[in-house]
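Heads up: the sequence lines are chains A and B, in that order. Numbering of the first sequence is given in our numbering, commencing with residue 204 and proceeding in unit increments. Numbering of the second sequence is given in our numbering, commencing with residue 15 and proceeding in unit increments.
None of these hints come from the bench; they were simulated from the model. Careful: at least some of the hints might be erroneous.
[Said to hold, decoys possible] BS3-like cross-link-like pairs, simulated, lysine-lysine; straight-line CA separation at most 25 Å:
1) B:K88 with B:K112
2) B:K88 with B:K100
3) A:K261 with B:K24
4) B:K100 with B:K89
5) B:K112 with B:K89
6) B:K24 with A:K206
7) B:K104 with B:K89
8) B:K112 with A:K267
9) B:K104 with B:K88
[Said to hold, decoys possible] Listed next, with one range per pair, are the computed distances between beta-carbon atoms:
10) A:L269 with B:T142: 33 to 39 Å
11) A:P247 with B:E114: 24 to 30 Å
12) A:P247 with B:N21: 46 to 52 Å
13) A:G210 with B:V47: 42 to 48 Å
We put the CB at the ideal spot given by N, CA and C, even for glycine.
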Amino acid sequence: MVKSQSGQASVEFIIIAVVMVTISIGIIKALRDRNVFPTMVSGPSDYLRGMVENGVWKPYQQGKALHPSHLGRKVAIKPSN
Amino acid sequence: MINKGRNILKDESGSIAVDFTFGLTLAIVSMGVFFAISLTLSMVELTQYVAFATSRTYHAGHLSQATQAARGDKKLRNLLSTEPFKTMLKESGWFEVKVEDSALGNYATEFNAADPRGRDIFEGAKLTFTADILDMSFPIIGGNSDGPFTTNVFSFLGREPSTQECMENFFKQKTNLIQGLGYTYPVNASAISVVPDNGC
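Please model the entire structure based on the sequences and the hints provided.
Below you can see the structure in the form of C-alpha cells.
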C-alpha cells in the first residue's frame with residue numbers, strides 16, 4: 204500500500220492547482236491594489252479628452268494652454284507699425 | 015464513461031474545443047471593446063458638428079447677446095430632437111450630450127486666456143459628451159473607477175456684435191465724441207438720432 208503509486212497524479216494535480224490558484228490570486232490582488240486595469244482605461248482617455256477639447260495629444264488639463272485659439276494669428280486688432 | 019483502454023493523461027481529444035472556447039471569448043471581448051471605441055469616436059465627431067452648428071447660429075448678429083444665445087440654444091435643441099442625433103445622443107443611452115442652461119458664451123477663463131476680453135477667440139458653444147458605453151467594469155480585476163468617458167466638445171467661432179452693443183459701445187460713443195467737439199448744429203442736439211449703418 205505504501206509503494207502503491209495509484210492516485211499520485213491526482214495528488215500532484217491538486218497541489219499544482221493550489222499553487223497556480225494562489226499565484227493567480229496574488230497577481231490579481233496586486234493588479235487591483237495598484238489600479239492597473241482602470242489606469243489602462245482612464246490613462247489614454249485623458250489624452251483622448253485632451254485631443255477632443257484642445258486639439259493636442261496631451262492630457263486635457265495640460266493641453267488647455269496649447270489650444271489653437273491661444274495663438275495670436277486670428278485678426279489684427281492692434282496692427283503693428 | 016471512461017474507456018479503460020485509453021490513457022486519459024495523454025488523450026488530447028477535445029483540446030481544440032477548449033481552445034476554440036477561449037479564442038471565441040477573447041475575440042468577442044476584443045471586438046466589443048474596439049466597437050465601443052470606434053463608435054465613441056464617431057459620436058464625438060457627430061457632437062462636434064452639433065457644437066459647430068450651434069456656434070454658427072450664435073455667431074450671427076441679432077438684437078442682443080441674449081437673443082444670439084437664445085437662437086443658438088434653439089438650434090441646439092432642434093438638432094438634438096431630430097434624427098440621427100435624437101437616437102444616438104439620447105439620455106440614458108450609450109451616448110449622451112448634456113447641456114446646461116445655455117451652451118453658449120465666452121469660455122476664455124476656462125482656458126486661462128491671458129487676455130480674455132481682447133478677442134472673442136473662446137466665444138462659442140460647449141457641449142458635455144458622455145460615453146456610457148465605455149463605462150466598462152472588469153470582473154475580478156477591478157472596474158473603471160473614473161466612471162464613463164466624459165469630455166467637453168467646444169466650437170469657437172466668435173460672435174458678431176449685436177445691435178445693442180453696436181448702439182451702446184460704438185454709435186452712441188461716436189455721437190458723443192462728435193457732439194463734444196464744440197461745433198454748433200443747426201438743430202437741437204437732443205433732436206439728433208443715431209442711425210447705424212451696420213459699420214461696427
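Structure-based check of each hint:
{"no.": "1", "hint": "B:K88 with B:K112", "in the structure": "15 Å, holds"}
{"no.": "2", "hint": "B:K88 with B:K100", "in the structure": "15 Å, holds"}
{"no.": "3", "hint": "A:K261 with B:K24", "in the structure": "54 Å, violated"}
{"no.": "4", "hint": "B:K100 with B:K89", "in the structure": "14 Å, holds"}
{"no.": "5", "hint": "B:K112 with B:K89", "in the structure": "15 Å, holds"}
{"no.": "6", "hint": "B:K24 with A:K206", "in the structure": "24 Å, holds"}
{"no.": "7", "hint": "B:K104 with B:K89", "in the structure": "16 Å, holds"}
{"no.": "8", "hint": "B:K112 with A:K267", "in the structure": "21 Å, holds"}
{"no.": "9", "hint": "B:K104 with B:K88", "in the structure": "17 Å, holds"}
{"no.": "10", "hint": "A:L269 with B:T142: 33 to 39 Å", "in the structure": "21 Å, violated"}
{"no.": "11", "hint": "A:P247 with B:E114: 24 to 30 Å", "in the structure": "27 Å, holds"}
{"no.": "12", "hint": "A:P247 with B:N21: 46 to 52 Å", "in the structure": "49 Å, holds"}
{"no.": "13", "hint": "A:G210 with B:V47: 42 to 48 Å", "in the structure": "44 Å, holds"}
Hint violations for this structure: numbers 3, 10, all remaining hints satisfied.
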